[in-house]
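Residue numbers (our numbering), protein chains in the order written: chain G, 134 to 453; chain E, 134 to 453; chain F, 134 to 453; chain R, 134 to 453.
Each hint should be verified, as a subset may be incorrect.
Here are some chain F residues pointing at chain G (derived, C-beta under 7 Å) [stated by the list, open to error]:
| # | residue |
| --- | --- |
| 1 | Arg158 |
| 2 | Ile194 |
| 3 | Val222 |
| 4 | Thr292 |
| 5 | Ile396 |
| 6 | Ala403 |
| 7 | Leu447 |
| 8 | Leu451 |
Keeping only pairs whose Cα atoms sit at most 20 Å apart, straight-line, the calculated EDC-like set for lysine to aspartate or glutamate is [stated by the list, open to error]:
| # | chain 1 | residue 1 | chain 2 | residue 2 |
| --- | --- | --- | --- | --- |
| 9 | R | Lys424 | E | Asp441 |
| 10 | E | Lys344 | R | Asp192 |
| 11 | F | Lys338 | G | Asp192 |
| 12 | F | Lys377 | R | Glu363 |
| 13 | E | Lys424 | R | Asp441 |
| 14 | R | Lys446 | E | Glu407 |
| 15 | E | Lys338 | R | Asp192 |
| 16 | R | Lys377 | F | Glu363 |
| 17 | E | Lys424 | R | Glu443 |
| 18 | R | Lys435 | R | Asp268 |
| 19 | G | Lys424 | F | Asp268 |
| 20 | F | Lys424 | G | Asp268 |
| 21 | F | Lys344 | G | Glu363 |
| 22 | R | Lys437 | R | Glu295 |
| 23 | F | Lys446 | G | Glu407 |
| 24 | E | Lys377 | G | Glu363 |
| 25 | F | Lys415 | F | Glu428 |
| 26 | R | Lys377 | F | Glu306 |
| 27 | R | Lys424 | E | Asp268 |
| 28 | R | Lys344 | E | Asp192 |
| 29 | E | Lys377 | G | Glu356 |
| 30 | G | Lys344 | F | Asp192 |
| 31 | G | Lys366 | E | Glu363 |
| 32 | F | Lys377 | R | Glu306 |
| 33 | F | Lys377 | R | Glu356 |
| 34 | F | Lys366 | R | Glu363 |
| 35 | G | Lys377 | E | Glu363 |
Incomplete in silico selection of chain E near chain R, CB under 7 Å [what the hints assert, rightly or not]:
| # | residue |
| --- | --- |
| 36 | Arg158 |
| 37 | Ile194 |
| 38 | His195 |
| 39 | Asp268 |
| 40 | Asn278 |
Think of the hints as simulated: they come from the structure by calculation, not from any bench. Since we're looking at a predicted model, the values are computed, not measured. Glycine included, each C-beta is placed from N, C-alpha and C at the ideal position.
Now for the letters of each chain:
There are 4 protein chains.
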Amino acid sequence: VQRIAVLTSGGDSPGMNAAIRAVVRKAIFHGLEVIGIQRGYSGFIDADMGPMNLSSVADIIHRGGTILRTARSEEFKTPQGRAKAHENVLRFGIQGLVVIGGDGSFRGANVFHEEYGLPVAGVPGTIDNDIAGTDYSIGFDTAVNTVVEAINKIRDTATSHERTFILEVMGRESGHIALTAGLAGGAESILIPELDNNINEVCEKLYRGYKRGKLHSIIIVAEGAASGLEIGKKLHEMTGLETKVTILGHLQRGGTPTAFDRILASRMGATAVEMLMSGNAKHMVGIAGGKIVSESLADTFKCKNAIDLELYKLAGILSI
Amino acid sequence: VQRIAVLTSGGDSPGMNAAIRAVVRKAIFHGLEVIGIQRGYSGFIDADMGPMNLSSVADIIHRGGTILRTARSEEFKTPQGRAKAHENVLRFGIQGLVVIGGDGSFRGANVFHEEYGLPVAGVPGTIDNDIAGTDYSIGFDTAVNTVVEAINKIRDTATSHERTFILEVMGRESGHIALTAGLAGGAESILIPELDNNINEVCEKLYRGYKRGKLHSIIIVAEGAASGLEIGKKLHEMTGLETKVTILGHLQRGGTPTAFDRILASRMGATAVEMLMSGNAKHMVGIAGGKIVSESLADTFKCKNAIDLELYKLAGILSI
Amino acid sequence: VQRIAVLTSGGDSPGMNAAIRAVVRKAIFHGLEVIGIQRGYSGFIDADMGPMNLSSVADIIHRGGTILRTARSEEFKTPQGRAKAHENVLRFGIQGLVVIGGDGSFRGANVFHEEYGLPVAGVPGTIDNDIAGTDYSIGFDTAVNTVVEAINKIRDTATSHERTFILEVMGRESGHIALTAGLAGGAESILIPELDNNINEVCEKLYRGYKRGKLHSIIIVAEGAASGLEIGKKLHEMTGLETKVTILGHLQRGGTPTAFDRILASRMGATAVEMLMSGNAKHMVGIAGGKIVSESLADTFKCKNAIDLELYKLAGILSI
Amino acid sequence: VQRIAVLTSGGDSPGMNAAIRAVVRKAIFHGLEVIGIQRGYSGFIDADMGPMNLSSVADIIHRGGTILRTARSEEFKTPQGRAKAHENVLRFGIQGLVVIGGDGSFRGANVFHEEYGLPVAGVPGTIDNDIAGTDYSIGFDTAVNTVVEAINKIRDTATSHERTFILEVMGRESGHIALTAGLAGGAESILIPELDNNINEVCEKLYRGYKRGKLHSIIIVAEGAASGLEIGKKLHEMTGLETKVTILGHLQRGGTPTAFDRILASRMGATAVEMLMSGNAKHMVGIAGGKIVSESLADTFKCKNAIDLELYKLAGILSI
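Take the sequences, apply the hints, and build the full model.
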């Protein structure tokens, strides 16, 4: 292997830049050349790419977002689109590809590998943390801390007043952010898509606390479990308590990455280069039990990374 | 004057604790006694109050919210409610009252003074910054910085994708937060209740930038100007561009106060005590041109602190 | 077991409050009573302790420091001191003790258990992360993020000027903070007590980068490896480059705990209670490979948690 | 005026990028061309400069440091150096110059104007806030907040232990940062170069608090008043209390600028362009009483912006 390419795909996540930096510097350290592809598979198809050097990735480790930008490409899902991308593989002399993104991105990489044989290495980057085969994805820790900071601020005003606050966080199919941030933030209730979320139970708990003298409650809702605004409305109707709603939205995808995400991204990016150098042709880098592992790319999008029900129970016990 | 009381009323704002600390320590420095009243006028009516000393306000200068808690009291709007409060004035020997809050709170203080003659000193505390007679209210600077941090995070993901982001901020009748944070955050458009906000113009500007190659736009909407969700929907329908909405809600009321708000609160709280000591019986402490001023309480709720249209124009010029 | 006690000992670390909260609420959930001991073993000896309830630990999960305060007790190292503490065990009916602290604290707990048979459960809390038997101690992640934020700020001014910056961080015998923060912050050189730190090598690397056009360098020094001020002086003498020194000191011990530290503290605090309930009489809760484990208390202070040399190598490769 | 240039000079400060952005966009809005000069007067002499457009300043409003970089130029202090710079003025057709920096930079600009007649507009950018003719300089508010955040963290650990903490902050000749941050942070003592700082008084205050039961003290020292390490040593010798020292150093120059600094920089940068357009040939933009003012450049470096002794007294009263 003499020349590899790197792209970021799907939703961006904090730490992707640290991963790009690791890929580029590790590759150059071993004498490889690196091509940076802009806008994910769209730039792969459109030949929007160019060489990267040590300075290309200077002073980016602490920046949110991705300097290579990202996009969702419908065209890459078609054989014609992938054929165009393959022309660029030949034209630019690309012998390996690092894809930093989520399960949808890995699905595309896997198909491309099967069709054209290009070795691909996946690096899991998504705040949702829902990719199978890795305990953590790049960006999750930062997103959770962003939500926890929001809870901190809400807590200030919550303890001054006597009200119920609802915080809607990201997670269409996965409650990782809601559960982890809810436990870390000391939320009274956490609603996640993986579980039947019984509004009546939430209301009862709210009432129990209220009668015991608990002056305020914070409820975390994953967007996939319910709409924050609707929950606020229902709770108000059922309990008469005043409810206030915050919807964090895409700001959860931004921010300076935490140390955890930068270390994870640095280790994973470097390992992806090693995988391509050692002929490991279609795997994702993962982390399991604190150790870097290699997972067959095809196994990463068959199922979702499950939430830890023990944490859910613990959150219930600690917020009584 | 030998004994004064202090309360926080209305919506809480970051820096109220610094103001309470200043009132208590300044008063004790001059040999006065201080009574802390809980939950605003509600606690004033219910006799939910007690003596405060130097240690009562130790290690609170950096905390959001208010250790005296706050509430909106319907009862204090009635003569009966105020009569009960007056009984507590006699019972606790209160000779002066510092009210930290917004214009509604000052209205109540003014009526109470007119009815019972108790000297009152107002300290403006509201993130909305809409109180006439002062350039700045305690909490405004912190709230603006909270919004600006949110814009920073959105900017990360905005530059990675090519999208339009809408951020709904507080301000039912006032665009101070939206305008100041929008200018500081480099937002492309700012919608405030003080101005006719023409959606068509916002769309046109969006399109112009888009055609020029501007890849992302951030639009700040004060809640009083429009609903963020509706603006997002309309813009999507009119331009076809993908729009993402964040609603910050009450987290804008929390957070560790900035240095600016703590200094402001410290100066204002200390001045309020001086006003009560010097027989200044129904005024609010304000800041104008960087100097502490005294404003007749009655003049603070007749109109609103106007926004600076020069800043609005400047925001337009700098976001071209 | 019907009544347990909890104390924090040694240097404080962010997340200790989350651990106290978990101990108290988990215990109450299982019907136990909890005694909170102030100022570590000093309060244990002086009977500075009292009952805690659900509200004692409300709204503390996000606070740095420890509400139980901490101290280093010379008296507890003497048989006389421990005898006094044992009197309090009998007087207050304490049947188990949770000690949140570092290896010195665990040594004391172990001796006390051997002498008086009181079941003890250790919870590792120290920013140094040097306790054997656990991958992570409570507070380490927060301290690392504090250092990384400092590096971020230094990086701003470093890229504007052309200078060398030296950042001295905590770690008398252990380079965990320096290494992890240095890797996460993209530092050019990292000096830790575990390795021979050759100043000449640091200077050479500095010169190499300088000749290649690298305009600035950031060097992280663990206090146990060298004095930041001395390193700055030496580097200036050897290279003629201007050097600027920051000494973070004890602010690394403060700050709102990160989500990681709060989750860790919550899990460990709850497990410590389970250990006491199940008759596990002299163990520390640890985390290994992401799973909660139980380690003999005596094994936690015989050696230090070793640093990961792979991370050190990676930091070298990525900062070329 | 058709073409103006802009440079940043001296020590960098957070918000300089927002000022550059304002200069560039305001100028382009009025149809002017803008040349960006790298590395202050060094680049002015070396012709290290080039045209800037709307995109040159996109997404920089929130970044610390300066994209134009900065330097201190000895050569520009010589007639030969300035003659070279003048050649570049002719070569690049520069008809006006915006200098963002401190008093030393304005001195140079003033001499250059007197020698060659080039209209110059100064924009005050320094965290020290010591420039006469303006209440605030760009970067001061951010630096103060950085120090206040450090105090917050120290406060966590200070309340857990019983110790004295010393924080050395920037300010060789000026105590603005120390005084403002000390008041905002609730520091027990503040040592600034403008006042005789009597160590005995500091010690006495420390002792008084200690006897009253005050468990911890935080002392802020401006580097120009004393060395933090020496103060720590002396205090320990005099009182026997344990003292811990933090030296913040250059990290005070970095960080994302606060909203206040961005607004200030935006207003000042835009006004500097207006000044050059209106033939105002040798003035600095200042802010006085919240209003933008124009100050003769020659008056900005004759004396220093004085500290507010009322704030110093207030800090003493509120930290009893």
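Hint-by-hint comparison with the structure:
no.	hint	result
1	Arg158	holds (5 Å)
2	Ile194	holds (4 Å)
3	Val222	violated (27 Å)
4	Thr292	holds (6 Å)
5	Ile396	holds (5 Å)
6	Ala403	holds (6 Å)
7	Leu447	holds (6 Å)
8	Leu451	holds (5 Å)
9	Lys424/R / Asp441/E	holds (11 Å)
10	Lys344/E / Asp192/R	holds (18 Å)
11	Lys338/F / Asp192/G	holds (18 Å)
12	Lys377/F / Glu363/R	holds (18 Å)
13	Lys424/E / Asp441/R	holds (12 Å)
14	Lys446/R / Glu407/E	holds (14 Å)
15	Lys338/E / Asp192/R	holds (18 Å)
16	Lys377/R / Glu363/F	holds (18 Å)
17	Lys424/E / Glu443/R	holds (12 Å)
18	Lys435/R / Asp268/R	holds (16 Å)
19	Lys424/G / Asp268/F	holds (12 Å)
20	Lys424/F / Asp268/G	holds (12 Å)
21	Lys344/F / Glu363/G	violated (61 Å)
22	Lys437/R / Glu295/R	violated (39 Å)
23	Lys446/F / Glu407/G	holds (14 Å)
24	Lys377/E / Glu363/G	holds (18 Å)
25	Lys415/F / Glu428/F	holds (9 Å)
26	Lys377/R / Glu306/F	holds (18 Å)
27	Lys424/R / Asp268/E	holds (12 Å)
28	Lys344/R / Asp192/E	holds (18 Å)
29	Lys377/E / Glu356/G	holds (14 Å)
30	Lys344/G / Asp192/F	holds (18 Å)
31	Lys366/G / Glu363/E	holds (18 Å)
32	Lys377/F / Glu306/R	holds (18 Å)
33	Lys377/F / Glu356/R	holds (14 Å)
34	Lys366/F / Glu363/R	holds (18 Å)
35	Lys377/G / Glu363/E	holds (18 Å)
36	Arg158	holds (5 Å)
37	Ile194	holds (4 Å)
38	His195	holds (5 Å)
39	Asp268	holds (6 Å)
40	Asn278	holds (5 Å)
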